[in-house]
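Chemist: Kindly produce the complete structure, drawing on both the sequences and the hints.
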Amino acid sequence: MNPFDFITQTLRIAVPYLFAASGGLVAERAGIVSLTLEGFMLSGAFTATLGSYYSGSPVIGVLAGAAGGLLFGLLHGIATVRFRADQVVSGIAVNLLVIGLTQVILMLLFDSSSNSPRVEGFQAGLSGFGDPLVWMGLASVPLVAFLLYKTPFGLRVQAAGEHPEAAASVGVNVRFIRYVSVAISGVLAGLGGVYLALDQHQFTNNMTAGRGFIAIAAVIFGRWDPWRAGAACLLFAAAETLQIQLQGVGGIPSQFIQIIPYVLTIIALAGLVGRAVAPAALGRAEE
Amino acid sequence: MNESLLRRAEEALLPPIVALLIALILGDVLILLFGESPLHVYGRMIEGAWGNPYGFAQVLYKTTTLTFAGLGIALALRAGLFNIGAEAQLAAGAFGAAVMGIILPAATPALLAVPLCLLAAAAVGFLTGGLPGVLKTKFGAHEVIVTIMLNFVILALLNWVIVEHLRVADTLHTAEIRAGAVPRLSEFIPAFHGSAANVTFLFAMAAAVWCWWYLFRTPGGYALRAAGLQPEAAEYSGIRVGRVWMKAMALAGVLAALGGTNFVLGYKHYYEDGFTGGSGFLAIAVAIVGRNHPFGVVLAAFFFATLSQGGLAIHALVPKQMVEVLQGVVILAMAASVPEVQRAIRGARKAVAA
Chain X
422 MNPFDFITQT LRIAVPYLFA ASGGLVAERA GIVSLTLEGF MLSGAFTATL
472 GSYYSGSPVI GVLAGAAGGL LFGLLHGIAT VRFRADQVVS GIAVNLLVIG
522 LTQVILMLLF DSSSNSPRVE GFQAGLSGFG DPLVWMGLAS VPLVAFLLYK
572 TPFGLRVQAA GEHPEAAASV GVNVRFIRYV SVAISGVLAG LGGVYLALDQ
622 HQFTNNMTAG RGFIAIAAVI FGRWDPWRAG AACLLFAAAE TLQIQLQGVG
672 GIPSQFIQII PYVLTIIALA GLVGRAVAPA ALGRAEE
Chain S
2 MNESLLRRAE EALLPPIVAL LIALILGDVL ILLFGESPLH VYGRMIEGAW
52 GNPYGFAQVL YKTTTLTFAG LGIALALRAG LFNIGAEAQL AAGAFGAAVM
102 GIILPAATPA LLAVPLCLLA AAAVGFLTGG LPGVLKTKFG AHEVIVTIML
152 NFVILALLNW VIVEHLRVAD TLHTAEIRAG AVPRLSEFIP AFHGSAANVT
202 FLFAMAAAVW CWWYLFRTPG GYALRAAGLQ PEAAEYSGIR VGRVWMKAMA
252 LAGVLAALGG TNFVLGYKHY YEDGFTGGSG FLAIAVAIVG RNHPFGVVLA
302 AFFFATLSQG GLAIHALVPK QMVEVLQGVV ILAMAASVPE VQRAIRGARK
352 AVAA
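Chains X and S supply the protein sequences, listed in that same order. Here the first sequence is numbered in our numbering, starting from 422 and rising by one per residue. Here the second sequence is numbered in our numbering, starting from 2 and rising by one per residue.
Mixed in with the good hints, there may be bad ones.
[Said to hold, decoys possible] Computed list of chain S residues with no C-beta within reach of chain X, every gap over 12 Å:
id: 1; residue: L22
id: 2; residue: P110
id: 3; residue: K139
id: 4; residue: N160
id: 5; residue: A176
id: 6; residue: E177
id: 7; residue: V200
id: 8; residue: Y237
id: 9; residue: I240
id: 10; residue: Q322
id: 11; residue: A334
[What the hints assert, rightly or not] Below, in silico cross-link-like pairs of lysine to any residue (SDA-like), each with a Cα-Cα straight-line distance of 20 Å or less:
id: 12; chain 1: S; residue 1: K248; chain 2: S; residue 2: G131
id: 13; chain 1: S; residue 1: K269; chain 2: S; residue 2: I104
id: 14; chain 1: S; residue 1: K321; chain 2: S; residue 2: W51
id: 15; chain 1: S; residue 1: K248; chain 2: S; residue 2: G56
id: 16; chain 1: S; residue 1: K321; chain 2: X; residue 2: Y474
id: 17; chain 1: S; residue 1: K269; chain 2: S; residue 2: E188
id: 18; chain 1: S; residue 1: K248; chain 2: S; residue 2: V210
id: 19; chain 1: S; residue 1: K269; chain 2: S; residue 2: G195
id: 20; chain 1: S; residue 1: K139; chain 2: X; residue 2: I526
id: 21; chain 1: S; residue 1: K321; chain 2: X; residue 2: T625
id: 22; chain 1: S; residue 1: K321; chain 2: X; residue 2: S533
id: 23; chain 1: S; residue 1: K321; chain 2: S; residue 2: L33
id: 24; chain 1: S; residue 1: K139; chain 2: X; residue 2: A699
id: 25; chain 1: S; residue 1: K321; chain 2: S; residue 2: F35
id: 26; chain 1: S; residue 1: K321; chain 2: X; residue 2: A699
id: 27; chain 1: S; residue 1: K321; chain 2: X; residue 2: S534
id: 28; chain 1: S; residue 1: K139; chain 2: X; residue 2: G692
id: 29; chain 1: S; residue 1: K139; chain 2: X; residue 2: A701
id: 30; chain 1: S; residue 1: K321; chain 2: S; residue 2: I32
id: 31; chain 1: S; residue 1: K321; chain 2: X; residue 2: M628
id: 32; chain 1: S; residue 1: K248; chain 2: S; residue 2: K321
id: 33; chain 1: S; residue 1: K248; chain 2: S; residue 2: G81
id: 34; chain 1: S; residue 1: K248; chain 2: X; residue 2: A691
id: 35; chain 1: S; residue 1: K269; chain 2: S; residue 2: S187
id: 36; chain 1: S; residue 1: K269; chain 2: S; residue 2: W51
id: 37; chain 1: S; residue 1: K139; chain 2: S; residue 2: R241
id: 38; chain 1: S; residue 1: K321; chain 2: X; residue 2: D532
id: 39; chain 1: S; residue 1: K269; chain 2: S; residue 2: P184
id: 40; chain 1: S; residue 1: K269; chain 2: S; residue 2: L117
Don't read these hints as lab results, they were simulated from the structure. Glycine included, each C-beta is placed from N, C-alpha and C at the ideal position.
Modeler: This is how it looks when you write it as structure tokens:
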């Protein structure tokens with residue numbers, strides 16, 4: 422196996438994970454459960470396809486994709502912050518809603534329940550690094566780390582997720598912080614979906630295929646730290662690359678490689694290799 | 002009528018009604034977008050689900066799986082735990098029943114074979130549900146994440162076993178079971194001919210009654226509900242909350258796993274990779290719309306089964322995926338309206354009292 426190919430393929434596979442995990446991390450640190458990442462990604466992929474299809478420009482596609490993620494991010498925000506809906510339940514509903522809506526609209530616009538027509542993407546080049554979304558995905562990790570650790574907003578996000586009552590008592594608008602955080606997570610995860618759709622030049626039914634859940638696994642395995650979560654994304658992507666490149670060689674069944682992220686996450690949650698401790702107020706509605 | 006009963010009924014029923022109304026309105030908009038008349042489409046839907054014996058029996062078949070899985074989720078929720086693992090528990094239970102049915106000699110009498118198959122499913126469910134319970138109690142691992150991750154792990158491992166070892170060539174299913182099949186309802190009600198509805202439906206109804214009895218008429222059920230409402234207070238009053246949690250999760254796994262037998266013992270008589278098709282996730286909606294009450298779960302299961310069967314009848318007019326949209330809307334509106342309705346009702350009462 423060519424090590425250069427291995428590294429580039431790993432990075433490309435990691436791009437959607439990096440986007441979604443960075444986004445999910447912001448929301449989770451603010452106290453909003455991110456089981457919605459899958460839905461955000463899928464909605465981003467879908468609206469990006471529409472944007473690129475109707476404008477012929479992948480740049481418009483990216484903007485449309487970010488808007489799609491934002492839309493469902495705000496929906497989750499309104500349900501959980503304004504109406505104090507159970508965050509897990511709202512997350513499941515949002516995912517279901519996006520899967521259904523994308524198929525219905527696909528039928529409505531293109532008379533197909535499986536895929537969209539071909540759309541314009543970026544000139545990615547042989548290694549895939551001509552695609553600006555690859556660089557944006559890689560940049561999302563330091564960006565979120567900076568936002569979270571070095572800005573006043575980031576400190577408020579952490580306060581909203583750890584101790585909302587105390588934060589509110591010193592004048593932090595916890596609801597506003599949570600809205601913004603879940604909106605950021607919608608946009609970033611949406612961009613992860615955009616990369617998938619534009620890279621494949623079309624939207625296919627349920628094309629995120631569980632990647633949003635791998636991103637959640639990365640957030641938890643990375644113990645809610647952007648750098649470690651980013652590293653977890655790369656690790657999971659490397660395992661996947663290994664599986665793809667070793668195919669046909671025999672040896673380990675692909676299913677065993679598929680479950681690595683999930684098994685590692687369970688082990689991390691159980692505290693067997695360094696305890697993964699969630700933000701204290703995660704999942705709790707602000708009183 | 003007793004006033005507190007009225008108040009409880011109001012709090013329990015208002016959110017689902019609000020949720021259904023919102024879904025109905027959004028459904029109207031979608032149907033109009035496709036240039037169809039909402040009344041016509043909803044009429045077709047009801048007609049397809051309830052208008053003929055076959056459709057109705059199919060609704061009962063779907064109700065069975067959803068009831069079992071929904072009961073499992075509702076029971077865990079009563080203990081304050083969220084079991085998202087029903088999808089894998091359904092599959093694992095079905096697999097367990099299928100393996101037992103294949104191992105047993107063909108001559109095994111049904112009175113022995115059926116309980117053994119159910120027991121095999123229950124045992125697998127006990128393990129798959131119990132594991133997140135143990136991880137929660139002993140290690141503090143959050144059950145939501147663990148059950149989600151376990152879904153992927155268990156389904157991938159089942160896929161591996163089927164594809165690499167147990168499948169009939171060119172299919173994704175095992176050989177047929179030799180013993181343990183249960184009769185279809187059409188053997189007693191000929192009009193149901195051709196439908197998959199089977200005796201497992203009666204088991205599901207019995208399970209709902211048992212859950213009600215357990216939750217509301219036994220000390221174990223009292224401890225379970227106490228642990229769900231106020232774990233700290235329950236602990237102080239001598240309830241060992243950790244044990245209750247482990248028991249509740251194991252029981253939730255058993256119930257969901259029994260739902261898998263509906264497919265294996267009652268319908269196809271083999272285990273097929275991917276047969277659950279999201280029922281385990283829909284069951285979360287069933288538990289929530291059913292307000293975590295065993296009888297509410299049965300009603301909600303019947304409702305969602307109707308929606309899914311009715312969805313098949315409208316496919317010529319609007320895409321059947323519209324049903325998924327409506328499901329999502331119902332769940333979201335339910336989740337959002339429960340706290341809101343409670344507050345509104347309490348506010349109104351305060352205003353009346355003042």
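Chemist: Which of the listed hints are broken here?
Modeler: 3, 4, 10, 11, 15, 16, 20, 26, 32 and 36
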